[in-house]
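Chains R and Y are the protein sequences, given in the same order. Following this note's numbering, the numbering of the first sequence begins with 1 at its first residue and continues without gaps. Following this note's numbering, the numbering of the second sequence begins with 1 at its first residue and continues without gaps.
There is no bait here: all hints are sound.
You can't tell identical chains apart in this list, so a pair holds if it fits in one copy or across any two.
The list that follows gives simulated cross-link-like pairs (lysine-lysine, DSSO-like), each with its CA atoms no further than 27 Å apart:
#1 Lys111 x Lys141
#2 Lys141 x Lys188
#3 Lys111 x Lys63
#4 Lys63 x Lys31
I should point out that these hints are in silico values taken from the structure, not numbers from a laboratory.
Number of protein chains: 2
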Amino acid sequence: MDHSTDINQRHQARMERKKAFIDKKIAAADKEIGIIIVNTGNGKGKSSSGFGMVIRALGHGMKVGVVQFIKGAMSTGEETFLRRFPDEVSFHVMGEGYTWDTQDRERDTEKAQLAWQQAQEFMRDPAIGLILLDELNIALKYRYLDVHSVIADLLERPPMQHVVITGRGAPAELIAIADTVTEMAVVKHAFAAGITAQAGTEW
Amino acid sequence: MDHSTDINQRHQARMERKKAFIDKKIAAADKEIGIIIVNTGNGKGKSSSGFGMVIRALGHGMKVGVVQFIKGAMSTGEETFLRRFPDEVSFHVMGEGYTWDTQDRERDTEKAQLAWQQAQEFMRDPAIGLILLDELNIALKYRYLDVHSVIADLLERPPMQHVVITGRGAPAELIAIADTVTEMAVVKHAFAAGITAQAGTEW
Numbered sequence: 001m002d003h004s005t006d007i008n009q010r011h012q013a014r015m016e017r018k019k020a021f022i023d024k025k026i027a028a029a030d031k032e033i034g035i036i037i038v039n040t041g042n043g044k045g046k047s048s049s050g051f052g053m054v055i056r057a058l059g060h061g062m063k064v065g066v067v068q069f070i071k072g073a074m075s076t077g078e079e080t081f082l083r084r085f086p087d088e089v090s091f092h093v094m095g096e097g098y099t100w101d102t103q104d105r106e107r108d109t110e111k112a113q114l115a116w117q118q119a120q121e122f123m124r125d126p127a128i129g130l131i132l133l134d135e136l137n138i139a140l141k142y143r144y145l146d147v148h149s150v151i152a153d154l155l156e157r158p159p160m161q162h163v164v165i166t167g168r169g170a171p172a173e174l175i176a177i178a179d180t181v182t183e184m185a186v187v188k189h190a191f192a193a194g195i196t197a198q199a200g201t202e203w
Numbered sequence: 001m002d003h004s005t006d007i008n009q010r011h012q013a014r015m016e017r018k019k020a021f022i023d024k025k026i027a028a029a030d031k032e033i034g035i036i037i038v039n040t041g042n043g044k045g046k047s048s049s050g051f052g053m054v055i056r057a058l059g060h061g062m063k064v065g066v067v068q069f070i071k072g073a074m075s076t077g078e079e080t081f082l083r084r085f086p087d088e089v090s091f092h093v094m095g096e097g098y099t100w101d102t103q104d105r106e107r108d109t110e111k112a113q114l115a116w117q118q119a120q121e122f123m124r125d126p127a128i129g130l131i132l133l134d135e136l137n138i139a140l141k142y143r144y145l146d147v148h149s150v151i152a153d154l155l156e157r158p159p160m161q162h163v164v165i166t167g168r169g170a171p172a173e174l175i176a177i178a179d180t181v182t183e184m185a186v187v188k189h190a191f192a193a194g195i196t197a198q199a200g201t202e203w
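Throw the hints in and build the complete structure from the sequences for me.
Quick look at the structure:
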């Protein structure tokens, strides 16, 4: 048996074992239910992953609701794009940018609470298959919103509705009730090498 | 001074310091250039973040090329959705699903190389502002593609073109030449709780 045949056969045997293992796990996981997904950590990709899930849901014919907390001083590429589909995506952006730009806690709290009312409206509508609550974790971290009321509302939503929540510093209470939680960790970042925030990659 | 005024004033002072710090960092980062972004790790959100960047780029009027390595047995929501915009997004899916389903190393290698030819074509076209090479890391990990040739091609692309590369197990050589690298780490996963892979969240 020559060397490359050997590699190919060992590859096949390994892949057969892997397939058997994965098939067994898939058979055991049979529940269909709306899930809560949290993307947190200091790395990139928390919001963009949420927007990737938005188009995944749209591809399956779902209706989607988006609420952006905190962000909003500058309109983003994803907002411009998704506003092309008003029958499929309801997009709500909380005004006035990051909290270190506004420096006004009372006004930020008010805006966050208005944004949460929009989220509540989406959570009362079972026709909405997926809701993205972008940067909600920041609003919770600064206590613009109370984590216990937020969780109570989340748990009362329609059973098949998925929710994606993003932002660094997800509170422990939220992680405890979430189904899937990912921590995005920085390995390296272009910004540190002097590259500015560019259209199409950062906003 | 009452308690809430005090909290609000301390918040404002903290945010002023934060804004000064961030503004200084932003002023120092002034380069505009195409960047290489790598999403790796065992957690969720690597591909979906890539697709979020696709719509971000589309919102800025960029053209986008997508090549999906490895995946492809089952069409995904993001593919269905993005195929609605053939003038804006070129979508190429390498056939036949995951390597543990095909169990044939030679055929997988051939398919991966065909998919790489598609990527090379995108990298010769400066009109394409962003390229998503989804699950490329898997094709590198199994050595369906040679990491050094892949890197040579990446470094010769048009200077303003952005590339997003996803998949667990990104090789060290690729991390070394990338601009922004994020590791998606599992904190918890719905699958472990017996919830199946569902339309709109997992595919």
